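There are 2 protein chains.
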Amino acid sequence: MKVTGLDKVPKVRMNMDGAKDAFKQIPISSADGTPSFSVRVFTIEPEGHTPYHTHPFEHLNYVIQGHGALVTEDGTERPVQQGDFVLVLPGEKHQYKNMASDQQLVMICAVPKEYE
Amino acid sequence: MKVTGLDKVPKVRMNMDGAKDAFKQIPISSADGTPSFSVRVFTIEPEGHTPYHTHPFEHLNYVIQGHGALVTEDGTERPVQQGDFVLVLPGEKHQYKNMASDQQLVMICAVPKEYE
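These protein sequence lines map, in sequence, to chains A and B. If you read the first sequence in our numbering, its first letter stands for residue 93, the second for the next number, and so on. If you read the second sequence in our numbering, its first letter stands for residue 93, the second for the next number, and so on.
Worth flagging that the hints you see were computed from the coordinates, not collected in a lab. Do not rely on the hints blindly, as some may be mistaken.
Here are the simulated BS3-like cross-link-like pairs (lysine-lysine), alpha carbons at most 30 angstroms apart as the crow flies [unchecked claim]:
hint	chain 1	residue 1	chain 2	residue 2
1	A	Lys-103	A	Lys-116
2	A	Lys-205	B	Lys-112
3	B	Lys-94	A	Lys-103
4	A	Lys-205	B	Lys-189
5	A	Lys-94	B	Lys-116
6	B	Lys-189	B	Lys-103
7	A	Lys-100	A	Lys-205
Since we're looking at a predicted model, the values are computed, not measured.
Could you build all of it, start to finish, from the sequences and the hints given here?
Okay, here's the thing in structure tokens:
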């Protein structure tokens, strides 16, 4: 059993191509013995974004704070906000953008532990 | 891809033995085609609780609102509050209690989809 909070978890800047001002934490990781899924948190600064990309595994998201856009496969920007739950299926192209100029976009992104 | 909020998801009272004033929602379920994990949300009313129980799969929790106690295998009550992440491993006996008299305890509880 593990109980933790974001203030206790290291925060690292994403250095993937296409990422801008996005930071990653892993509150529940394979190092904790999680059997199958890891829980990551991304913090995107105002006007920042994650890469517009695809991968062979799903995302389970929950927006903890802020609002922004989820860019879908055809380039549509779907609005997302605090309290929203998102399922991105394997192979679906996607990107999270923080559209705010004054607030972080913070979201949970759970994935299979092999891809944490 | 699915985007949803708790106001759009049916809410059902838990009728398991040992549950008191606890309600369940499933924002991301096997019906949505989730490949491996489902995202459930439990709302526990003031002085309510989930069963004190064990099962052969893990919980990945995030406390959305409120504060309470996570009862562990030896009966210890660990405090949990908004913003906490919790990993309960398979076979670990546990219970969530809302210790507040005036506020709901709301938490995400992701589990393998077979057990949603």
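For each hint, the structure was consulted:
1. Taken as a hint, the A:Lys-103 and A:Lys-116 pair is honoured in the structure, with Cα atoms around 6 angstroms apart against an allowance of 30 angstroms.
2. Annotation: proposed proximity of A:Lys-205 to B:Lys-112 is violated, straight-line Cα distance about 33 angstroms (limit 30 angstroms).
3. A C-alpha spacing of about 28 angstroms is found between B:Lys-94 and A:Lys-103, which places the hinted pair at or below 30 angstroms, so the restraint holds.
4. Between A:Lys-205 and B:Lys-189 the alpha-carbon distance is near 29 angstroms, which keeps this suggested pair within the 30 angstroms criterion.
5. With a C-alpha separation of about 23 angstroms, the suggested pair A:Lys-94 and B:Lys-116 falls inside the 30 angstroms cut-off, and the hint holds.
6. Of the supplied pair hints, the one linking B:Lys-189 and B:Lys-103 holds, its CA atoms being roughly 19 angstroms apart against a limit of 30 angstroms.
7. Restraint check for A:Lys-100 and A:Lys-205: satisfied, since their Cα atoms lie roughly 20 angstroms apart, inside the 30 angstroms limit.
Figure legend: structure checked against the earlier numbered hints; the only hint not met is number 2.
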